[in-house]
Amino acid sequence: MTLDKLKPGEDAYIRSVGGTDLPLRKHMLDMGLTPGTEVTMVKAAPMGDPLQLTVRGYELTLRKADAAQIVIDKVHDAHTPAPSEAQPDIAHPHTG
Amino acid sequence: VQTGEAPLPDGMPITFALAGNQNSGKTTLFNQLTGSNQHVGNFPGVTVDRKDGTIRGYDNTIITDLPGIYSMSPYTGEEVVTRQFILDEHPCGIINIVDATNIQRNLYLTMQLIEMGIPMVLALNMMDEVQNNGGTIQVNRLEEMLGIPVVPISAAKNEGIEELVHHAIHVAKYKERPGRKDFCDADGEDSGALHRCIHSIEHLIESHAHAAGLPLRFAATKVVEDDELVLKALKLSDEETHALEHIIAQMEQTCGKDRHAALADMRFSFIDKVCSATVVKPHESKEHARSAKLDKILTGKYTAIPAFVGIMALVFWLTFGVVGTSIADWFSGCIDSAIGVLDGALTAYGLNPVVRSLVIDGVCAGVGGVIGFMPVIMLLFFFLSILEDTGYMARVAFFMDKLLRKVGLSGRSFVPMLIGFGCSVPAIMATRTLPSERDRKMTILLTPFMSCPAKLPIYGFFAAFFFPAHAGLVTVSLYITGILVAVVFAFLLKFFAFKGEPVPFVMELPNYRMPGVKNVARLMWEKAKDFITRAFTVIFVATVLIWFLQTFDGKLNVVADSSDSLLAAAGSLIAPIFKPLGFGDWRLSTALITGFMAKESVVSTLTVLVGEASAMAAFLTPMGAISFLVFCLLYTPCVAAIASVKRELGTKWAVGLCLMQCAVAWIVSFAVYMIGGLLF
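Here the protein sequences line up with chains F and H, keeping their order.
Just so you know, the numbering used here puts 11 at position 11 of the first sequence, and the rest follows in order with no gaps.
Just so you know, the numbering used here puts 131 at position 131 of the second sequence, and the rest follows in order with no gaps.
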């Protein structure tokens, strides 16, 4: 899912920052929106756009259209390990 | 810390650059460092403010306040200015101010500054706030990890400044360059791919960087970031460029990230490491909690707009209503009595009446009339700078963005336009903070439609006679008309002249803060100084010119009746243009000409030519009066505003703006007069 879809109060991790507007993309990276960073949606502006986020301990604004370029993993999704990544249940090599 | 170079010889001036993020307290620190020893100018070739000053108590120093930036990418004018300043002017040292409450993001710029290899000190601002919230930052460990001296300070409370200056002068004098420039991890999660990439590039471009005078590490990381300016400066051969691209492509493949993301990630990973080793985070800062609470109302879904209207109404009521008027009346009274005393003295002395007329009717009346406006303008700036300093203006830009985007602008253009209600001159200067040329030009073209207080005497003069019962309504309607015309005009510009998109709105919302008394006081002092300078230069010349034109006729004889003067001749010449608008009398067109110098002159000229407002009934209908007021609202801004446009955008734009606004004013006044004629 993309960052613009995140609801107020929800957390997510950034997976990738896309977009064809290179300066904008660079600026978003410079402001700390790098892959793996945790973001929290604070709210949308009274007229619905732009959005207010918390990232790296400060408040950042971003338009919805630009936020749609950022792919995220919601925090609770990220914490639930996907089946393929689940630890295989093997006997501990040093015991027994 | 590297040493080994010969220290700067005694007596050689030590130059510093002050760099840091926006909202890091940079201006406050600059004011603390320099006191009143400042002078303001421009960086060469660009209209970005440059402030230089001498550090208090150290006469042999020069410190330059660089624009507040977040990164050294070449995408905004301010970032380029900062880079070029450091690369071209070779400051002996850099003072990097970092907001300790927001250290993660602030250090991103620090790391890029360190790469420039210039002696540097880190000023860790707002440490008191971190500590009050139960957090700490281990300064010694931070120094060790970054390889530069770190001095905790509180710029607002003037704490730690002496120690900061001491360290800054020491590193600059003894050329103690940052002890570490290499922040890439040789065995990080990308197994050192970026580290190898940067170092291979360093080897490849070493001689080129040296020839171009670029710091090697800085040049290498900028090559990875595909920085056009650096690539051009390096003058690489095709083979070398090819080799670089190959190295970078390989790094991208190994890292699984593109070049931009890889580098940003490397910097932030290092910062995370630094922070986890040195920063004990406070739980929830009081300042942030307070901001969040205030934002519930000030940017709340249903409360933001009403709160904004309320705040602005209060500001305008205080400025133009109770407080402002009483101060302005008192001030004008003082000026009038001073002029009266001077007049009496000159008459008693028996000075030539023409010269006396020049001094009293020309200079004193003109300049005095404008100076009389100073209290109102200073008061408006007082309130606007408080709104700016508290962080509220950033919120206004935030919730107005969607609205302004409909007319092709971003929320950031809202602030200059708001200042336009105070005076177009600083409003036009405030567009410098806008990150795109397109947004800047559009905002500058729209700002003069915001009615400025200099036009209030015109509204008052006409309304008092023609609409005595509705004077307030007339004034408010004119303000609203100005805004509506700006909106329509913005639409036209968007569709015909300025296609394309407004700048992205990636902006920090700083915590609300108490405005610094010193900062506000300094700003007001600067505005007052600027205003007085203007009154005694542009307006002085203008009033003398107008006085000359209205005192003499074509044969340079002193006229008995001003209707025979040169000014009247010029007024009569253009009067027919205004006939279709309902005010074809030469006295009104003459007043409009003088209004080009300063809007207040419209009223003073009319008083000279007509006498009492009641005499206007002979040649002006109430509908004509409204048409005249609309014309005054919209036509060319005063010469001071035009001069600012010229400074920002050049002569062509200034002349164009002037002509265009006259055309808009003519069309709208004509429409108003025609529609009014049909209705009444």
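Please note that the accuracy of each hint is not assured.
[Unchecked claim] Computed list of lysine-lysine pairs in DSSO-like fashion (alpha-carbon distance at most 27 angstroms, straight line):
#, chain 1, residue 1, chain 2, residue 2
1, F, Lys5, H, Lys157
2, F, Lys74, H, Lys296
3, F, Lys7, H, Lys441
4, F, Lys7, H, Lys301
5, F, Lys7, H, Lys286
6, F, Lys64, H, Lys157
7, F, Lys74, H, Lys157
8, F, Lys74, H, Lys406
9, H, Lys293, F, Lys7
10, H, Lys157, H, Lys281
11, F, Lys43, H, Lys157
12, H, Lys301, F, Lys43
13, F, Lys7, H, Lys157
Derived by calculation from the structure, the hints in this document are not laboratory data.
These are the hints, each one checked on the structure:
1. F:Lys5 - H:Lys157: Violated, at about 43 angstroms.
2. F:Lys74 - H:Lys296: Holds: Lys74 of chain F and Lys296 of chain H sit about 25 angstroms apart, inside 27 angstroms.
3. F:Lys7 - H:Lys441: violated, 36 angstroms
4. F:Lys7 - H:Lys301: Roughly 15 angstroms separates the two Cα atoms, so the pair holds.
5. F:Lys7 - H:Lys286: holds, 25 angstroms
6. F:Lys64 - H:Lys157: With Cα atoms ~39 angstroms apart, Lys64 of chain F and Lys157 of chain H exceed 27 angstroms; violated.
7. F:Lys74 - H:Lys157: violated, 42 angstroms
8. F:Lys74 - H:Lys406: violated, 32 angstroms
9. H:Lys293 - F:Lys7: Roughly 19 angstroms between the alpha carbons, so the hint for Lys293 of chain H and Lys7 of chain F holds.
10. H:Lys157 - H:Lys281: holds, 22 angstroms
11. F:Lys43 - H:Lys157: violated, 34 angstroms
12. H:Lys301 - F:Lys43: Satisfied, since the Cα-Cα distance of roughly 9 angstroms is no more than 27 angstroms.
13. F:Lys7 - H:Lys157: violated, 40 angstroms
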